[in-house]
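Chains as they are written, first to last, in my numbering: chain X, 1 to 294; chain H, 1 to 294; chain L, 1 to 294; chain Z, 1 to 294.
Don't read these hints as lab results, they were simulated from the structure.
Just so you know, not all the hints are guaranteed correct.
In this list, chains with the same sequence are indistinguishable; a pair is considered to hold if it fits within one copy or across any two.
[Unchecked claim] Listed next, the in silico DMTMM-like pairs over lysine to aspartate or glutamate satisfying Cα-Cα at most 25 Å (straight line):
# : residue 1 : residue 2
1 : LYS255    : GLU10
2 : LYS205    : GLU189
3 : LYS255    : ASP136
4 : LYS19     : ASP136
5 : LYS19     : GLU157
6 : LYS255    : ASP63
7 : LYS205    : GLU117
8 : LYS205    : GLU10
9 : LYS255    : ASP67
This is what each chain is made of:
Number of protein chains: 4
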Amino acid sequence: MRLNGVHVEETFAELFPMKYCRMLVTAATERLATTSAREATGFGTSIIMAPGEAGIERTMSGDETLDGRPGAVIQVWHRDDESLQNALLGRIGQCVLTAPTTSLFDAGGDPGFRLGEQVAFFGDGHQRNEEMYGRDVWLVPRMDGDFVVEDSVSIEEGVAGGNFFVLGRTQGSALQGAEAAIDAIGGVEGVVTSFPGGICSSGSKPGSEQYGFMLATTNEFYAPSIRDEVDTALPDDVGAVYEIVMNGVTLEALKGATAAGIRAATTVEGVVGIDAGNYGGNIGPYEIHLREVL
Amino acid sequence: MRLNGVHVEETFAELFPMKYCRMLVTAATERLATTSAREATGFGTSIIMAPGEAGIERTMSGDETLDGRPGAVIQVWHRDDESLQNALLGRIGQCVLTAPTTSLFDAGGDPGFRLGEQVAFFGDGHQRNEEMYGRDVWLVPRMDGDFVVEDSVSIEEGVAGGNFFVLGRTQGSALQGAEAAIDAIGGVEGVVTSFPGGICSSGSKPGSEQYGFMLATTNEFYAPSIRDEVDTALPDDVGAVYEIVMNGVTLEALKGATAAGIRAATTVEGVVGIDAGNYGGNIGPYEIHLREVL
Amino acid sequence: MRLNGVHVEETFAELFPMKYCRMLVTAATERLATTSAREATGFGTSIIMAPGEAGIERTMSGDETLDGRPGAVIQVWHRDDESLQNALLGRIGQCVLTAPTTSLFDAGGDPGFRLGEQVAFFGDGHQRNEEMYGRDVWLVPRMDGDFVVEDSVSIEEGVAGGNFFVLGRTQGSALQGAEAAIDAIGGVEGVVTSFPGGICSSGSKPGSEQYGFMLATTNEFYAPSIRDEVDTALPDDVGAVYEIVMNGVTLEALKGATAAGIRAATTVEGVVGIDAGNYGGNIGPYEIHLREVL
Amino acid sequence: MRLNGVHVEETFAELFPMKYCRMLVTAATERLATTSAREATGFGTSIIMAPGEAGIERTMSGDETLDGRPGAVIQVWHRDDESLQNALLGRIGQCVLTAPTTSLFDAGGDPGFRLGEQVAFFGDGHQRNEEMYGRDVWLVPRMDGDFVVEDSVSIEEGVAGGNFFVLGRTQGSALQGAEAAIDAIGGVEGVVTSFPGGICSSGSKPGSEQYGFMLATTNEFYAPSIRDEVDTALPDDVGAVYEIVMNGVTLEALKGATAAGIRAATTVEGVVGIDAGNYGGNIGPYEIHLREVL
Numbered sequence: 001m002r003l004n005g006v007h008v009e010e011t012f013a014e015l016f017p018m019k020y021c022r023m024l025v026t027a028a029t030e031r032l033a034t035t036s037a038r039e040a041t042g043f044g045t046s047i048i049m050a051p052g053e054a055g056i057e058r059t060m061s062g063d064e065t066l067d068g069r070p071g072a073v074i075q076v077w078h079r080d081d082e083s084l085q086n087a088l089l090g091r092i093g094q095c096v097l098t099a100p101t102t103s104l105f106d107a108g109g110d111p112g113f114r115l116g117e118q119v120a121f122f123g124d125g126h127q128r129n130e131e132m133y134g135r136d137v138w139l140v141p142r143m144d145g146d147f148v149v150e151d152s153v154s155i156e157e158g159v160a161g162g163n164f165f166v167l168g169r170t171q172g173s174a175l176q177g178a179e180a181a182i183d184a185i186g187g188v189e190g191v192v193t194s195f196p197g198g199i200c201s202s203g204s205k206p207g208s209e210q211y212g213f214m215l216a217t218t219n220e221f222y223a224p225s226i227r228d229e230v231d232t233a234l235p236d237d238v239g240a241v242y243e244i245v246m247n248g249v250t251l252e253a254l255k256g257a258t259a260a261g262i263r264a265a266t267t268v269e270g271v272v273g274i275d276a277g278n279y280g281g282n283i284g285p286y287e288i289h290l291r292e293v294l
Numbered sequence: 001m002r003l004n005g006v007h008v009e010e011t012f013a014e015l016f017p018m019k020y021c022r023m024l025v026t027a028a029t030e031r032l033a034t035t036s037a038r039e040a041t042g043f044g045t046s047i048i049m050a051p052g053e054a055g056i057e058r059t060m061s062g063d064e065t066l067d068g069r070p071g072a073v074i075q076v077w078h079r080d081d082e083s084l085q086n087a088l089l090g091r092i093g094q095c096v097l098t099a100p101t102t103s104l105f106d107a108g109g110d111p112g113f114r115l116g117e118q119v120a121f122f123g124d125g126h127q128r129n130e131e132m133y134g135r136d137v138w139l140v141p142r143m144d145g146d147f148v149v150e151d152s153v154s155i156e157e158g159v160a161g162g163n164f165f166v167l168g169r170t171q172g173s174a175l176q177g178a179e180a181a182i183d184a185i186g187g188v189e190g191v192v193t194s195f196p197g198g199i200c201s202s203g204s205k206p207g208s209e210q211y212g213f214m215l216a217t218t219n220e221f222y223a224p225s226i227r228d229e230v231d232t233a234l235p236d237d238v239g240a241v242y243e244i245v246m247n248g249v250t251l252e253a254l255k256g257a258t259a260a261g262i263r264a265a266t267t268v269e270g271v272v273g274i275d276a277g278n279y280g281g282n283i284g285p286y287e288i289h290l291r292e293v294l
Numbered sequence: 001m002r003l004n005g006v007h008v009e010e011t012f013a014e015l016f017p018m019k020y021c022r023m024l025v026t027a028a029t030e031r032l033a034t035t036s037a038r039e040a041t042g043f044g045t046s047i048i049m050a051p052g053e054a055g056i057e058r059t060m061s062g063d064e065t066l067d068g069r070p071g072a073v074i075q076v077w078h079r080d081d082e083s084l085q086n087a088l089l090g091r092i093g094q095c096v097l098t099a100p101t102t103s104l105f106d107a108g109g110d111p112g113f114r115l116g117e118q119v120a121f122f123g124d125g126h127q128r129n130e131e132m133y134g135r136d137v138w139l140v141p142r143m144d145g146d147f148v149v150e151d152s153v154s155i156e157e158g159v160a161g162g163n164f165f166v167l168g169r170t171q172g173s174a175l176q177g178a179e180a181a182i183d184a185i186g187g188v189e190g191v192v193t194s195f196p197g198g199i200c201s202s203g204s205k206p207g208s209e210q211y212g213f214m215l216a217t218t219n220e221f222y223a224p225s226i227r228d229e230v231d232t233a234l235p236d237d238v239g240a241v242y243e244i245v246m247n248g249v250t251l252e253a254l255k256g257a258t259a260a261g262i263r264a265a266t267t268v269e270g271v272v273g274i275d276a277g278n279y280g281g282n283i284g285p286y287e288i289h290l291r292e293v294l
Numbered sequence: 001m002r003l004n005g006v007h008v009e010e011t012f013a014e015l016f017p018m019k020y021c022r023m024l025v026t027a028a029t030e031r032l033a034t035t036s037a038r039e040a041t042g043f044g045t046s047i048i049m050a051p052g053e054a055g056i057e058r059t060m061s062g063d064e065t066l067d068g069r070p071g072a073v074i075q076v077w078h079r080d081d082e083s084l085q086n087a088l089l090g091r092i093g094q095c096v097l098t099a100p101t102t103s104l105f106d107a108g109g110d111p112g113f114r115l116g117e118q119v120a121f122f123g124d125g126h127q128r129n130e131e132m133y134g135r136d137v138w139l140v141p142r143m144d145g146d147f148v149v150e151d152s153v154s155i156e157e158g159v160a161g162g163n164f165f166v167l168g169r170t171q172g173s174a175l176q177g178a179e180a181a182i183d184a185i186g187g188v189e190g191v192v193t194s195f196p197g198g199i200c201s202s203g204s205k206p207g208s209e210q211y212g213f214m215l216a217t218t219n220e221f222y223a224p225s226i227r228d229e230v231d232t233a234l235p236d237d238v239g240a241v242y243e244i245v246m247n248g249v250t251l252e253a254l255k256g257a258t259a260a261g262i263r264a265a266t267t268v269e270g271v272v273g274i275d276a277g278n279y280g281g282n283i284g285p286y287e288i289h290l291r292e293v294l
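For reference, chain X alone in the conformation it holds in the complex (with noise of 0.2 Å):
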């Protein structure tokens, strides 16, 4: 299959369930939220040794908001609840409460973790509960005023893993690819992209051939310094290759983000080809087949 020209490898991409909770933070204005969501969410790209999986799915306006004022809706992903749990307390306490102007709010569907009573801890005493904009709210008083926290935010189940693989003439071609469809992807409901600029340079098996201590290494097959020295899976005219990574609150919206990140990539001038990453069926219950979501 052929899309804009460029050649669609009949595969799919092998996705797990994982749990995540979705919030929305609010600020003064745009930016601030933003650089709390962005502090907030760093150190997030893969739960192979970082404290979790983060992203922003997206800003908000006002209009959208609960109090009126812009925001950033995040994600926090991680294998268990007991883990996320830990990754949330640190996240929000750490980067949020910390952070100018900033408010927090739950934006799941089921308010089950009482992260925000937790967080309230902080007002020593101080701390008031209230309900504000029909929620269950905690105000923690701090040096420019107080930050509004939801009582409890929600741990749900969602679906981790999807990726595809942006293969260009050149590595120039290839990221210029990768970069469109994170554009394409931003715009998609219920979406994170977890690596830096939503962007994985370093495409990865499970485990090691030669390793035992390795959770993960390079997928050798994809590596262009040393395509003569494996069996590549590179053809003669890709020079480099980035991976998109995404985990989604439900397949669908996982669906929906492949084929446009992936339509979007095929405009770019030299990029040749898009492929995607499994284990042969054996590790995740879903599969997102590429020719069957464009």
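Put chains H, L and Z on the given structure of chain X with help from the hints.
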């Protein structure tokens, strides 16, 4: 003492030694270097509950870097060697190795921790050890070519806890003063500010009056929303306060940053006072007296 | 009337018809589209002495654009057809044709001015006329491939002069309120704000008391530094004022933007009043009464 | 000659004298200074059809500026004194006077054009003339306080037309190389690049073969889409070209920028050649030979 008409309190910041690692991330463009550096230093506000403290010190043009490419100097801090080494393995392995076109070099003076060797295990036996730019580096195959990472990085002792408070008639003025301070500190060699956008809204005291399990809680004497309930330290004309928190490679660097930051904050209309936080000299061995450095 | 505790003056903005052209700039990535759009709409604050008024209305993802690439919708305004056509030839020929990977399409409803044909003379006989995406376009050879530009664009009549004032206790608060307003207006279809960052610090009156050659001079009644020398309109608790100035494709769009902007500004601490500018209804045929639209 | 493996053509850029004015915009924060500076230098790519050529040279921290506030150094260029003076009146009066918290100072060596006095007429008789920071300035009342503007600015003769071409295997690579060049040139004192993001996609020749009314048309010998129709200058492996165009206060500054930019571009994978544009030495009195400056 008044500076640009603004009252500077007769007080001092209290500082203490902490371990840090200073590194250079280079990439094809400054934007790509910064994207990786920001992810690698995210969720790095305070070691109270974040995996280390981290920040971008400054960007570098290709004229200044080892490989002739633009870059960003980053610092990661932690309480002891082991905690710092763990933070580094996660932050560099997950946020620099994974970012498009990046390389990583030591930017300290005593490379003793073999961070690069460990990150290079990602190469699964395909990594090569070479000398480049006079450094001992690893070339790790990834999807966009080789990741170049220096074998060892320096873990050194610096100074943490630098701080001052910007007191404003309103929230907007205090924040604008704090932003001016951060702009000025950005030009000081060797110093990072780890909070979101460099600015902390949640000034704290160690421990808690109410909750034994809390390592730090709100500094209620500077919280405007409860000024009538506590023995407030806020002058009548102060509506909000922001704290600038800094770590630096030397005490001298922090003195320079303190002076530059305060000077800048006092140029902003509506800023009415400068103060600082200390614990009576009981915790940290170093002191920066505001009036002395100005 | 009070909104979020902020006084909204019983007054109206006075508006008048003006000619505009609305276009879509697309590029390989959103960042590249925005870079071109920002240059093309620069030096475009007020027709008093700038070559037209211009702004970016919003960005578009590839799902919404003709060519599947991300883009930015821009508007250029001027007093009459001829002035506008001259401004367009310069702005598009010098700032979009010249920018990496861009294309330009009409985003109005009545393409009658052959801007694209004229810009395409740059091809020096090598330009080709084709139909693409259902549009009549020119392909103009340049160093990075072909520049695609629609043959004709629409010159239409819209409404200029939308405005309101944000009054703050301090400069910082007034500015934060104005920024919140701009964030909100960014989400309103059909509206642009042409001043730097959308915010005007130099509110003016038509003509001059002193200098016959000046088309507009300071609105001294809102100037805080001379409040004691004139019959000031500033309440005692107001330290600074910023004006939001807007043009829109319809009066309805501007009413929506006025309401959204004011609502957002009043959520900011330290904002104490909202006002607007008019000339007693003598100049413009349209009025937006602040309290009516809220 | 090869640099980092990239062929550098044996050729030269041809340059000519042009008039410029160099100014410093300061503001409460660097972000505000840059917002004004960007608007004031927008629509300023080429004097062929733009109202002057303009760019931001660099930002300055408060340590370097007259008023202790952060700032941006801007340059505006035009063909003669009168054209430049007109451009300055519009750009400063419409884009700096109108921007929040800004001040404007001369940053040249020979203040002879009374720009500030003329802009200050906006004060309608309320402007005051004072000496501040050792400069003769006007204080012009506006809504957020006084606009401080130096009475006179310097109009001097500099050098325009500095240029080199970045040839890439693909569009993405050529663009990444051009971006790396712009990053490097950003560090060179006295030089501005006026095209969108500093990069020109529409390299041109003077005049036209077909249209007598065109001052400049496409340089068809570097246009990849018509390489088979003309006597192309493009090597077989080149897919796209971008041109870096620079103005500088001295020829020496431009030589430094040319060297820094080319060196940076050649570090990018997929960049395969460097070239430059000249008219056989018939137009400009200055030449920069690429191989000599490297």
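25 Å Cα cut-off: does LYS205 pair with GLU117 within a copy, between copies, both or neither?
between (40 Å within a copy, 19 Å between copies)
Identical-chain pair category, LYS205 with GLU189, by Cα at 25 Å:
neither (29 Å within a copy, 40 Å between copies)
Taking 25 Å as the upper bound on the Cα-Cα distance, should LYS255 and ASP67 be classified as within, between, both, or neither?
between (32 Å within a copy, 22 Å between copies)
Taking 25 Å as the upper bound on the Cα-Cα distance, should LYS255 and GLU10 be classified as within, between, both, or neither?
Close inside one copy (16 Å), not across copies (51 Å); limit 25 Å.
Between copies, within a copy, both or neither: which fits LYS255 and ASP136 at Cα up to 25 Å?
Neither, since 35 Å and 34 Å both go past 25 Å.
Is it within, between, both, or neither for LYS19 and ASP136, if the alpha carbons may be no more than 25 Å apart?
within (23 Å within a copy, 41 Å between copies)
My question is about LYS205 and GLU10: at a cut-off of 25 Å on alpha-carbon distance, are they close within one copy, between copies, both, or neither?
Classified as within: same-chain Cα gap 19 Å, cross-chain 47 Å, threshold 25 Å.
Homo-oligomer pair classification [GLU157, LYS19; C-alpha up to 25 Å]
within (5 Å within a copy, 39 Å between copies)
State whether the alpha carbon distance between LYS255 and ASP63 is at most 25 Å within one copy, between copies, both, or neither.
The answer is between: 15 Å across copies meets 25 Å, while 28 Å in one copy does not.
Violated hints for the displayed structure, listed by number in ascending order: 2 and 3.
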